[in-house]
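Assemble chain B onto chain A, guided by the hints.
Take a look at the letters that make up each chain.
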Amino acid sequence: MKEFTYERATSPQEAAAKARETLGAKFIAGGTNLLDLMKLEIETPQHLIDVNGLGLDKIENTQNGGLRIGALVRNTTLAADMRVRKDYGVLSRALLAGASGQLRNKATTAGNLLQRTRCPYFYDTNQPCNKRNPGSGCAAIEGFSRQLGVIGTSKACIATNPSDMAVAMRALDAEVETVDEMGRTRKIPIAEFHRLPGDSPHIETTLADGELITAVTLPRPVGGIHVYRKVRDRASYAFALVSVAAVVQRDGSGRVAVGGVAHKPWRVEDAEADLPKGPKSFSARLLADAKPTTDNAFKIPLVERTVAAALNDARQQ
Amino acid sequence: MKFDRPAEANPIDRMQVVGRAHPRIDGPLKTTGRAPYAYEHHDVVTNPAYGAIVGSAIGKGRIASMNLAEAERAPGVLTVVTAENAGKLGKGKFNTAKLLGGPEIDHYHQAIAVVVAETFEQATAAAALIRVEYAHADGRFDLEEALKTAPLAKDPNSPEKDAPPESRTGEFEQAFAQAPVKLDELYATPDQSHSMMEPHASIAAWNGDKLTVWTSNQMIDWGRTDLATTLGIPKDNVRFVSPYIGGGFGCKLFLRSDAVMAALGAKASGRPVKVALPRPFIPNNTTHRPATRQRIRIGAGADGRIIAIAHESGSGDLPDGQPETATNQTRLLYAGANRLTSMRLAVMDLPEGNAMRAPGEAPGMMALEIAMDELAEKLGLDPVELRVRNDTQIDPEKPDRPFSQRNLVRCLREGAERFGWTRRSATPGAVRDGHWLLGMGTAAAFRNNLLIPSGARVRLERDGLVVVETDMTDIGTGSYTIIAQTAAEMMGVDIGKVVVRLGDSAFPVSAGSGGQFGANCSTSGVYAACVKLREAVAQRLGFNSAEATFSDGHVMSGNRSAKLADAVREGELVAEDKIEWGGLDKSYQQSTFGAHFVEAAVDGFTGEVRIRRMLAVCAAGRILNPTTARSQVIGAMTMGAGAALMEELAVDKRRGFFVNHDLAGYEVPVHADIPHQEVIFLEEADDKVSPMKAKGVAELGICGVGAAVANAVYNATGVRVRNYPVTLDKHLDRLPEVS
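First to last, the sequence lines map onto chains A and B. Numbered according to the working numbering, the first sequence terminates at residue 482, and the numbering increases by one at each position without gaps. Numbered according to the working numbering, the second sequence terminates at residue 998, and the numbering increases by one at each position without gaps.
Looking at chain A on its own, in the form it has when it is part of the complex (with noise of 0.2 Å):
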């Protein structure tokens, strides 16, 4: 780990104006990333901007019917909410999908947001990663790649996001409120916030440089049968292989987005017109332009029968 130094700060503008005025400057909030990284080396920032204290860890009702998420509030804290629990069932059970108790009492709802990828050639300095060191190259894409993207992936890279959370929140088409460093507030869809790796896959999402992250808005219930399926080698503890965040009407319409696939959740809104019609075609143009590595493409069919499991898990409830 290199040396760094630290501050609290001591509201979410000025520690905005600190992180773009500061030289390799980050925002810490759990940690439950950021420090692995740093241990590593894979992320070597020199002065660290503590948010814990700047009171973003409430969870309120909205004007119009929703729900404003801290950015702060601990995912164990957001999981167990009872408004969450039970108008957006989909969201708590990803967040209980991720990760495990003791890291689920730490990470926040923004720092969730902002996990990196755990692709296996990312977290070895020794080797080429244009997420990591860019312009250095991919191993990933013609080497061990069960784990990686199938889609929207790039020749720059195939790494996916690890987040559970992110996948709820694609689907129940959640807004990121941020802060800059004038105290200019804008909201982002979540569909935005993401970026794909293109050939800059370092940058992975649109915040600006400095932009801090304040809550995370979820828009009035939509009702629905919520259903959040993680698929993974072991029982607990793991990155999904695929995993599907589906919230489904009685009449069989309903949103569908899916994990471990892309380099963000990948949700196609089109391709939800033809849900009704069952998981074979609406995967198929969910997926429609995947190109996966011999490695994963047994995602392409995972996903169509996680989608299937979804949807009949919703049928029986």
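Just so you know, these hints were derived from the structure itself, not from any lab. Since we're looking at a predicted model, the values are computed, not measured. A virtual CB, placed ideally from N, CA and C, is assigned to each residue, including glycine. Careful: at least some of the hints might be erroneous.
Claimed, not checked - Going by beta-carbon spacing under 7 Å, a handful of chain B positions derived as facing chain A:
1) Val929
2) Asp988
3) His990
Stated by the list, open to error - Restraint ranges, calculated between C-beta atoms of paired labels, are given here:
4) B:Pro995 - A:Lys456: 26 to 34 Å
5) B:Ser324 - A:Gly348: 50 to 58 Å
6) A:Thr175 - B:Gly286: 45 to 53 Å
7) A:Arg450 - B:Glu444: 38 to 46 Å
8) A:Thr459 - B:Glu444: 22 to 30 Å
To be verified - Every beta carbon over 10 Å from chain B, so not counted as near; a handful from chain A, in silico:
9) Gly196
10) Glu206
11) Gln267
12) His367
13) Val387
14) Val396
15) Ser418
16) Asp439
17) Ala449
Structure of chain B alone, referenced to chain A:
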């Protein structure tokens, strides 16, 4: 004491302490954090410095240049040791690759430098500042490719040094060709990582030319000897201390880079030095279980009796390495007149392959016991019945050599009964629970009983305490407890009166922990020392030691009785002895047996496999402590479940390394994977194996369990997977419809 004829009745047979379910005597220390592990001896040295190891970034080649300047200038750095400035180093007997590489690089993450600094943080930060230019060389990283030209290899552990590399009995080819029912299949097991909880760690301190190393090592004397050889100093100048070990599974059988680099760093810096391997170093810097490619052919009569059996296995290792002896059990497990086993060893440039829990049998049984399941199906026989029909009470290669005790059939029958095996559907893919496909599988368990000499010193102190000292290790297995039980039984005292000191090369050399030989051999060594101590006590008290009984703190003979403490009123008594083994393992085949039963559920949509319950029935001689033995067996069953379903070191065949080298990428079972386990021990006492009449049991538990899982999955799905681990992608496209 030489054990060269079957044991007669002895004080252990009373089983007033031995054989009882005693909780671990070291348990309170561990649960309260007071048992110091290697890195946590905070009071043994003052002013320690910290070492961070740099590992090679390439799999094969040489270091073209190495720039240490920036690291040496970094804050707190005391010294940087590399092959260039370390002086001439030897190589130990037990490690295949050099533990300090350079300029030649033998494998990925081979240690090439240690940076010693005032703090851990300074050392690790400076280690990242060493600039290395490599000249890459083409390496042999593809097992399939390497096996195409690999020669036959002898079993390195075979007592018959001049035995041919192939083992043949009868006429295999001819008998197989004529067999009415034939099986001929290929099986694959992957490279696996021990992934024990505590990584390798050492504190090294020099006092003049004397070196003390507090470390984490299963085999004190091997490690100490190899460190002396590596450093080119007399063995007597090295002391190894390893009282508590956070798991080993074979990964800590040998000297590794942590101890060598700590010793070199301490020498160069003039300070005690602490080194722990970071988790991502475990798979590539240390050792792993090598992958195998196995071919099994079995020919049987219509009655299920095996006529011909062949098992050929191939594996790879670094130059001068060893084969994974995956055909071991096939020489002994089932009857059949015509037999062939052989191994091939490919020279490869991946990190060092070496022993991991039940080396040989663990991957060998994973293949053989699927083959038996397949054969049973071909024969239309129940898999339990097929195994029963092929039981043998003699070594099938040497008919004049009986097994010392073999109750495999009882294990199978009792297990089937307890498990509800009759509820298994003989037709695969036929049982549903909602969208789950259910199946049951079985496999035999088999692991040889190994004998290693083992010494101990026993002291009866004036306060009545019995102190046992031996360099035996406790790697989480319960050695402290069973040794205390043995001494308590022998001396007739309460277990609370026994103090056990382990893991120090200042104590008599023991068997150490490995190959499931530790429990039986080390307690036999303690038994031998206690026999001597009893003689000394009897002499002091004026008893005839042959007639004296030791019980409740008293010594009795006829109608005379004296307090044990009376014997040491004038001074403590000390006795030392070791158990040595005569020829009973030549005249009797000594093995342990068991049967595994598994019920598995496969998600009909996603193909995910989830174990529902597991049962093991074990026949392993006298069980010294049912609590610690059960812990060993359920741990082994868990490890076997991991091997069956998830554990695989992924090889990057271009770059020559194990890619998933941390516990996020290399998955081992978590609690949710293991919902229910049961273990039954048959009541046995094997007088041919030792005065304790006990055999090993810790590795028996992993042998066969992987195949039992795979067979249960097959029974659930009807899709046979012969390539471990049985992950969902291997059967997803052929699962039966569930909706």
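Looking back at the hints listed earlier, which ones does the structure fail to meet? Numbers 3, 10, 14 - these are the hints that the structure violates, sorted from lowest upward.
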